[in-house]
Amino acid sequence: MALTNIALDLNGQAQNWLEYASELEGGQRTPDMFAFLRDAAEFRNCLLLEQPNGDYAYTIARQFYFDSWHSLLLTDLMGSTDQRISEISEKSLKEVRYHLRHSSGWVIRLGDGTEESNRRIQKAIDDLWGYTGELYTPDVVDETTCAERIGPDLSTIRSDWLTAVHEILTEATLRVPESSWMHTGGKRGIHTEALGYLLAEMQFLQRAYPQARW
Amino acid sequence: MVTCMNASLPSLEEIWVWLDSVSDPEIPVLSVVDLGIVRDVRWAEEDPDFTEQTSPRVNRTSVTDGRLRQPRTQRAQRSEPTLVVTVTPTYSGCPAMAVVKHDIQRELLQRGLSRVSLETQISPAWTTDWMTERGRKRLHEYGIAPPEPQAANPSTLIPCPRCGSSDTRLVSRFGSTPCKAFYICNSCLEPFDHFKCH
Chain C
2 MALTNIALDL
12 NGQAQNWLEY
22 ASELEGGQRT
32 PDMFAFLRDA
42 AEFRNCLLLE
52 QPNGDYAYTI
62 ARQFYFDSWH
72 SLLLTDLMGS
82 TDQRISEISE
92 KSLKEVRYHL
102 RHSSGWVIRL
112 GDGTEESNRR
122 IQKAIDDLWG
132 YTGELYTPDV
142 VDETTCAERI
152 GPDLSTIRSD
162 WLTAVHEILT
172 EATLRVPESS
182 WMHTGGKRGI
192 HTEALGYLLA
202 EMQFLQRAYP
212 QARW
Chain Y
5 MVTCMNASLP
15 SLEEIWVWLD
25 SVSDPEIPVL
35 SVVDLGIVRD
45 VRWAEEDPDF
55 TEQTSPRVNR
65 TSVTDGRLRQ
75 PRTQRAQRSE
85 PTLVVTVTPT
95 YSGCPAMAVV
105 KHDIQRELLQ
115 RGLSRVSLET
125 QISPAWTTDW
135 MTERGRKRLH
145 EYGIAPPEPQ
155 AANPSTLIPC
165 PRCGSSDTRL
175 VSRFGSTPCK
185 AFYICNSCLE
195 PFDHFKCH
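So the sequence lines, in the order shown, correspond to chains C and Y.
Sequential numbering from 2 applies to the first sequence in our numbering.
Sequential numbering from 5 applies to the second sequence in our numbering.
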């Protein structure tokens with residue numbers, strides 16, 4: 002129930018962002034076209050977000066890494082010089098803070114739980130760690146929008162994120178991963194195979210019945 | 005032109021009363037006004053280039069079916085200005101919003117208005133502090149613990165709406181709709197919903 006509620010919030014937020022993207026393009030593509038008619042290589046999401054479910058510990062670890070970053074990102078974007086970005090961020094942040102309380106709570110509960118739950122969440126935290134670098138490593142778009150004060154300052158977000166994650170993992174009696182080697186590619190459209198499966202399911206209806214509406 | 009028709013137009017106060025009869029589709033004891041999501045009601049300024057669709061997100065179907073694309077001469081002769089109702093979503097993805105907008109429009113059209121436009125505004129972001137006192141009371145009577153004020157201490161106890169006991173516990177931060185959390189009362193053992201402070 003929690004995950005579907007979180008998904009519903011994120012779906013609404015995505016709709017707000019894609020509507021703005023559509024308007025900026027002059028309405029060439031509708032928000033739905035961004036979601037349902039782009040192929041994997043056209044998506045610019047971070048690789049962390051396409052990692053599959055499976056053991057619940059992975060779902061929670063992924064959500065925790067993302068929520069802690071997402072709340073910092075939106076806090077930063079509330080100060081964007083672009084009013085629409087600022088407004089969508091303000092609206093989203095209220096929801097995301099709640100998500101973060103949920104995922105942090107579960108990391109602590111699993112980490113500081115039984116031997117078995119600790120072992121499994123530690124494995125998930127370790128395995129997904131390599132996908133977190135992309136969240137705060139700026140590319141040319143990030144650098145440009147940051148300089149124009151439209152986009153986020155990822156270097157500040159990076160240090161705040163590390164501090165926040167360190168704090169929760171410590172409380173959860175978990176080891177903070179140390180590896181500095183990170184996967185990259187999502188922001189350039191180079192994805193893991195997991196995205197293909199996600200899109201196959203998400204886009205099925207529009208692919209099978211083009212322009213279907215409800 | 006507007007002045008000569010004003011006699012037949014309802015007052016904005018009257019329209020707020022009408023809106024108060026539109027209920028939240030998921031929590032029918034609350035009106036959309038109680039919920040604090042109606043942010044503004046006004047008559048649109050007369051504008052020769054005025055288009056019905058001030059909000060690109062609303063009533064897309066009405067635009068495409070062509071009924072609203074009246075020739076300008078016809079528009080100039082219209083007997084009534086457009087009423088603009090501004091609403092704000094509770095949660096970004098709340099599916100009830102589409103129904104709420106539809107219900108508001110239907111209510112106003114049934115009351116005799118012929119031109120109603122709905123606008124969506126997301127900033128400032130909706131907060132449960134905008135819920136009316138009457139709304140909180142109705143929620144409580146309905147068996148849903150009302151939201152505590154934003155300024156309340158985070159450890160504020162949520163009293164059971166059935167027996168009034170403060171000895172309650174959170175079962176799930178997430179409930180049957182985005183706006184609710186799930187609680188249980190340790191005294192009377194009844195489960196209940198809490199309208200989350202947001």
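To be clear, the hints were calculated from the coordinates, so they are not data collected in a lab.
Keep in mind that this is a model prediction, so the values were computed, not measured.
A few of these clues could be false.
Okay, derived cross-link-like pairs now, EDC-like style, lysine to aspartate or glutamate, Cα gap no bigger than 16 Å in a straight line [as the list claims (entries may be wrong)]:
hint : chain 1 : residue 1 : chain 2 : residue 2
1    : Y       : Lys200    : Y       : Glu111
2    : C       : Lys95     : Y       : Glu18
3    : C       : Lys95     : C       : Glu20
4    : C       : Lys188    : C       : Glu117
5    : Y       : Lys200    : C       : Asp77
6    : C       : Lys95     : C       : Asp77
So, partial list: chain C residues that the calculated Cβ filter (under 8 Å) puts toward chain Y [unchecked claim]:
hint : residue
7    : Met2
8    : Asn12
9    : Gly80
10   : Glu96
11   : Glu144
12   : His167
13   : Glu168
14   : Thr171
If the Cβ cut is set under 10 Å, some of the chain Y residues that face chain C in the computed set are [said to hold, decoys possible]:
hint : residue
15   : Ser27
16   : Pro29
17   : Pro32
18   : Ser35
19   : Thr86
20   : Thr90
21   : Pro93
22   : Gly179
23   : Pro182
Even glycine gets a Cβ: it sits at the ideal position worked out from N, Cα and C.
Next item on the list: List in ascending order the numbers of the hints, as given earlier, that are violated by the structure.
Entry: 1, 2, 3, 4, 5, 9, 11, 12, 13, 14, 15, 16, 17, 18, 19 and 20
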